[in-house]
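Asks: Same order as they appear, the protein sequences are chains A and B. Heads up: the first sequence runs through residues 1 to 452, numbered per the numbering used here. Heads up: the second sequence runs through residues 1001 to 1366, numbered per the numbering used here.
Hints in this document: simulated from the structure, not taken from any laboratory. Beta carbons: idealized from backbone N, C-alpha and C, even for Gly. Honestly, I wouldn't trust all of these hints.
[Stated by the list, open to error] Heads up, simulated SDA-like pairs for lysine to any residue below, C-alpha to C-alpha not over 25 Å straight-line: (1) B/LYS1044 with A/ASN46; (2) B/LYS1002 with A/LEU167; (3) B/LYS1275 with B/GLY1286.
[Unchecked claim] Where chain A lies over chain B, by a calculated footprint (3+ residues, C-beta under 8 Å): (4) 1005–1011; (5) 1014–1028; (6) 1056–1067; (7) 1081–1095; (8) 1149–1156.
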Amino acid sequence: MLFSSISFLYYFLPCVLILYLVTPRKLKNFVLLLSSLFFYGWGGVNFLWLMMIMLAAGYIWGLLVGKYREQKIGKWLLGAALGMNVLTLIYFKFADVFPIGISFYTFQIMSYIVDVYRGEVPAQRNPVNFSAYASMFPQLVAGPIVRYADIAKQLESRAHSFDHAALGIRTFVLGLAKKVLIANTLGELCDIFRASNDKAVLFYWLYAAAFTLHIYFDFSGYSDMAVGLGKMFGFDFMDNFNYPYISKSITEFWRRWHISLSSWFRDYVYIPLGGNRVPKGRWFFNIFVVWFLTGFWHGAAWNFIAWGLGFAVILVIEKMWLLRQLEQSKGVAAQILRHVYVMVIVMISFVLFNAADITEAGTYIASMFGLGDLALVSKETVYYMRSYLVIFLAAMIGATPIPKMLVCKMQETKVGKTLLDVAEPIALVILLMVVTAYLVDGSFNPFLYFRF
Amino acid sequence: MKKKSVVVTSVMAAVLFGCSVLAWTKETDAFSDSERRELAKYPKFSVESMMDGSFMEDFESYTLDQFPFRDLFRKLKARIVFDVWGQKDNNDIYIADGYASKMEYPLSKPMLDHAANRFEYLYETYLLDAEDIYFAIVPDKNYFLAEQNGYLSLDYEELISYMNEKTDYMTPIDLTGQLKLEDYYYTDTHWRQENLTDLADYLLEAMGAESAEQEYQKIESEIPFYGVYYGQAALPMEPDTLNYLTNEMLEDCKVFTFETGKPVEIPMYDMEKAKGKDPYEMFLSGTRPILTIENPHVDNGEELIVFRDSFGSSLVPLLAKAYEKITILDIRYVNSSMLGQFVEFGDQDVLFLYSTMLLNSSLALK
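Just chain A, with the same shape it has in the complex (with noise of 0.2 Å):
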C-alpha cells in the first residue's frame, strides 16, 4: 500500500487511528503491529511470511546475543545472526521477485542486534514491541532506517499530545505534497523522455535535471511522511534528508541524503573496520568497502556497484585534496562554482542510477555531453522545458531552505506568526484537497525506493 493512494488516506488510516486511540496504552503496540502486518500483507501477501520469520528470528537472535554477549558464543551468535540477515538480502538482491522494503527492515535487524551485542541497548522481551519496532508501517517499506537505540523508550512508553500530532500531520501532509504534486509531475516528464523517439542533447540534461529533483522529492517526500505518521504515533524518527542539493562538496551530501543508511553504514561498517584511524592505505579501503555495500544495498546490478564506488572515487579525491581547496575557495564565483560542481556530479551519479544498465547509463551520459550524433535542442525538449518550467522553479526552490526560511521569518513578527496560525491550517487542508485530486485523476504513483 502506498502512502499516497486513496486507500492509505481514506480508508487504511483513518481506521488505524481510530483503533489505537481506543485501544488501552499496552495494547497500542499491539494494534501497531496488526496494522503493519496488513498494510505489508496488502502489498502482497506472499512475502509476509518471509518477514514474519525474519521477526521471529530477529527476535530470538537478540535474546541469545543480550544473554551471551559477554561470552565468547556471543560472537558467534551474532555473526550468525547478522549472517541470516546478509545472506537473506543478498539472496533476494539476485532474486527474480523483490521483497518490498526488505532492505529496510533486515537493516533495522541487525542493527538492533548489533547494539545489542555491544550492550547499548538491552534485548526486548516483549516480542509485540521488538516486532512492532520493526514492522513498523510508517517506515517499514522505504526507511528512514530507524535503530532500535533510537525508540526504545518509546516502544515501551511514549506521550501522546496534541503539538505532536499537529506537527506529524504538517510533516505528513507537507511530505505527501512534495511526493504527488512534484515528484510524480516530474517522474512523468521522465517517463516521457524514456519513450522519446526525439532526444537531443539538450533533453538529456532536461531529464537529468527532472530525475535528480524527482529523487529528492520522491523519496524525502515519503521519508517525511513517514517521519509525520511516527509523530502521530507518538515516535520521533531521525530526519533522512537536510536540504542535500545545498551541498557545497560531495563529502556534504552525503552527510546531508539518506542519512539514516549513511549513518548505518559509518556506525556498523566504516567505523567497525577501523574508520579513518588507520594508515592511509587501509582507510581508502574502508572507504571503497562502505560505497560498494551502499550502492550493492541500492541492487545487485553493475551501474549500483558503479554509482556507489564512482562516490568512493570522488570522495577519495575530496578527502586527499579537493576538499581542502574547495574550502579555500572565496567569493560568489568560488561557492557557485563549487555548487554547480556538486549538482553536476550529482546528476550525472543519478542518471547512471536510474539507468537500467550499465550501458544505458554509458549512452545516457555520453549523449548529455554531445557525444551520441544528436541536435543540441528538439521540438519535444522545448515544449516540455516550457510545460514544465514552473515545476522545475518551484521544485528548484522547494529543494532548499528559502520556504523554511520564509515561514522563519515571518514568525519573528507579531502579526506574521497570527497570520502563519490561521493560514496553516487552511494551507493543509487546501494541499490534502489537491493532492487527493491528483490521486483521483492520475495514474502515475510509483514510489521509487520500494525497489530497494
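Given chain A's structure and the hints, the job is docking chain B onto it.
Replies: What follows is chain B alone, placed relative to chain A:
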C-alpha cells in the same frame, strides 16, 4: 499545549474522517458520463483473489473510481495543472482557441505500416476488380490547432505522403485544403456534418461521381453535446450543438445493418443515440461493422464501397446523392477476412476514408 496544534489536529481530523466516512458510505456509481466508461465496483473477496493480489488491485481501482465528488476533484486537478503549474497539457489534453484536443504525437511508422498492410490485404483479396479506388485521409483537429499554438504535432505532410506511397494502387484525394478548424466540434474529436457539404461535393467530383444538386435542411438537436474531450479535459467548457442535415432524399434512403447476418433497417440519424453517452453516435448509429445505404432517388447503377472510421459516419450520408447503393465497412469491428461473406465485391467505386488519428494508432484495424 498550543491552541494552534488543537486547531490543526481537529480540522485535519475532521477532513480526513469526513472524507473517509463519505468514501465508505457513498453509493456505487456504475458509469462515468464525463469519461464515458464503466467505473470499478467493489471487488469480490476470495482467498484466491487475496493471495494473487487481484483483490487489492481491484480495491485500489474501486477507491479511485468511486471516490466522492470525483469529477469535482478531477476538475480541481486540471485547474492546478493549467493555472498553477502553467503546464501546457493535462494528460495530453489541451485547450486552444476554445477547442479541446488531445496531442497526437509522435508519428508512428509501425502503425502506418499496419494500416497500409490491412489496406493491401483488402485490395488483394476483394478489390482487384474494383472500378476505381480512392484514399482520402481526414486530418484531425490538431492539424489546424497544435503547432499553431505551440503543441507537439504530427508531421502531417510526412504521414500523408508515407501512406500514399504505401498505397500506390489507390488514387489519393487531398482533404487538407477543404477543411478548417471551425469544421470540428469544440469538445469532440469529430467534424461537424453541417460543414461538410462542400467537402462531400469535392470528394464526389474527385471520384468522378455525378449527382444532382441537393439542398439540405439543417436540424438543430436540442441535446447539448459534450464531446469526448469535455470529460477528459475536466475543465469547464460550453457544450457543442449537435446539428444534422436532412432532406427528402435522405429521408427516403434506407439504411441496413447486417450484424445478425440478415439485413435490419435502422435510421440514418438515431435520435435515441443522440440522447446517449456519445451523441455523435446518432450518425449511422455509431459503431457498426457493416452498413448499406440504398437511395431510391438514384438509378444510375453506381455503387460505392467505403472503408471508414467514425469520421465517415457523418460524411457518408452526404455522398448518398450520387449512388444507388453505398456499402460502409468498418474493419475495426469486423475481421477483414470475413467481409466476403457479407459483401459482394465487384466493379464498384471504393473509397478509403480514414483519419490521421486512426492511421497513427491503427492496431484496431483487423
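Asks: Could you tell me which of the numbered hints above are not met by this structure, giving the numbers in increasing order?
Replies: No hint contradicted; all consistent.
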